[in-house]
Amino acid sequence: MASTEGAPRVSRRSALSWLLGTSLGATIIAALYPVFRFVIPPRVAEAPVNRVLAGQLSQLADNTGKIFRFGARPGILIRTPAGHVRAFSAVCTHLGCTVQYRPDLQHIWCACHNGQYDLHGKNIAGPPPKPLEEYKVAIVGDDIYVTKGA
Amino acid sequence: MRALDKLWQALDERLELDPIVEFIRHKVVPTHRHSWAYYFGGLTLFFFFVQVSTGILLLLYYRPTAEAAFESVQFIVTRVPFGWLVRSIHSWSANLMILSAFAHMFSVYFMGSYAKPRELTWWSGVALLGLAMGFGFSGYLLPWNTLSFFATRVGTDMVSLVPFVGGWLLKFLRGGSEVTGATLTRFFGFHVAVLPMLTTLLLGFHLALIQRQGMHVPASLEEEAKRRKPIRFVPNFMMREGVVWLLGLAALAALAAFFPWELGTKADPFGSAPAGIKPEWYFLFVFETLKLLPAHIFGIEGELIGLGAFAAGGLVWFLVPILDRGRPGGGRGRTFFVLGWLVLAYIVGFTFASFAGVFK
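These protein sequence lines are chains A and B, in that order. Residue numbers 1 to 150, in this note's numbering, belong to the letters of the first sequence in order. Residue numbers 1001 to 1360, in this note's numbering, belong to the letters of the second sequence in order.
It is possible that part of the hints are untrue.
To be verified - Partner residues aside, some chain B positions facing chain A, computed with beta carbon under 10 Å: (1) 1236; (2) 1285; (3) 1287.
As the list claims (entries may be wrong) - Going by beta-carbon spacing under 8 Å, a handful of chain A positions derived as facing chain B: (4) 28; (5) 30; (6) 73; (7) 128.
What the hints contain is simulated information worked out from the structure, not anything from laboratory work. We put the CB at the ideal spot given by N, CA and C, even for glycine.
Extracted from the complex, chain A is given alone in its bound form (with noise of 0.2 Å):
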């Protein structure tokens, strides 16, 4: 009730009114909020590969490289003309392709964008703003293995 003593700072319209307002808002960030998360996949469990088997020495001439699988990304291997075996991320750090050897530039080349990198990864030509994460290379016998970071 309107009270006569002079009108009542908050009046029972606006009150309910913010009331149903807040209750609207709540229930509609209640029903949002999982969806948000829905739409997101869950981290799955997974065994961080730090070390592979990329290849065999015997199988990769001078002057070629190839392609192999580290964890969820692939990586590069590449003997150099000189004899050298190294290993890289094959993840362009333009906007993701996946790069490969040119043996008639004698460079990383990634075909998407026309990036180019050097022998030691370092981004050269093109648009590709760093260069391919090195990894470290270990002959055992004729198998090659690559570790990540130090």
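Since the structure of chain A is already known, use the hints to place chain B on it.
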């Protein structure tokens, strides 16, 4: 005939159809020397109908998983009777729909039809073009071939550059941090459920606005439009639009039959991107620009500058109804007219230069 009359009477009694009949009877389309531009929207609608019907047919056989997608499309084009035709029409019609939507947009732009009171029509139209490109981008991945795999890698990678929410968006689109079978399943969901729903709603709104406001006549053509008799929508304009649709169908059938859409090779997530990789033609101008940009511009990564510029350009294009204040004597501003030609020349120039192999 009596039965039809009775049916009509029964419906009229219940639904009061008179105002609708009156509306249709009085609906006219203005005539002037640029009236041809009024047919592109309808043509786009025609290709959309083709997309919906062929898309439903493809759904009968398509399987949206990384293991089965490529094989199911292969099955459609090699074993299912007329499967090659249905799939080829779906791919070609998608491209013709985008082409006709572009023609519609530029003709509307140059006639200045975006100005008050038709801002909402322009905005819903630009949003519809965005949805159409979303259809193209998501549909491209569905056959799970090498080209589409890398196009999706690149396209979704660009999203990660969006400030603040880029990482979230990337995971939302890919269904993980890499492009995998999870991405394919998601894109399938977008392509056959989310985008069609949004498009249907927005298309209904876009068409309702046009019915409510009628066709726009540019200030420079008002004299001519007053002098010449407008044509009735039913049946005259509809008949002519029908001829345009038939031409569209003929072009579609010829393209689909003589140039069946290639399937390519199955995507190998652990293979290199093949030489000569390219996106669909309507993304070529962006693609070639990104190839030309150096790694760093003023210390900032080139792709960030490039994509930022495209985003800003898109925003200006979208906001044209507000930014273009028009000329004092009526008609649209000169600046935006010239800007439109520059944008068109840029897109057409880069697209053709890319086809001609100018950019190595």
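Going through the hints against the structure:
Among the interface hints, the one on residue 1236 of chain B is violated; its C-beta lies about 49 Å from the nearest C-beta in chain A, farther than the 10 Å criterion. A distance limit of 10 Å between C-beta atoms decides the matter here; for residue 1285 of chain B the minimum to chain A is near 14 Å, and the interface restraint is violated. Restraint check, residue 1287 of chain B versus chain A: the minimum CB separation of about 8 Å is within 10 Å; hint holds. Hint status for residue 28 of chain A: violated, given a least beta-carbon distance of 19 Å to chain B, over 8 Å.
With a cut of 8 Å, the hint placing residue 30 of chain A at the interface with chain B is violated, because the nearest CB-to-CB distance is about 20 Å. Nearest Cβ of chain B to the Cβ of residue 73 of chain A: about 7 Å, under the 8 Å cut. The hint holds. Here the hint on residue 128 of chain A is kept, as its CB sits about 6 Å from the closest CB of chain B, short of 8 Å.
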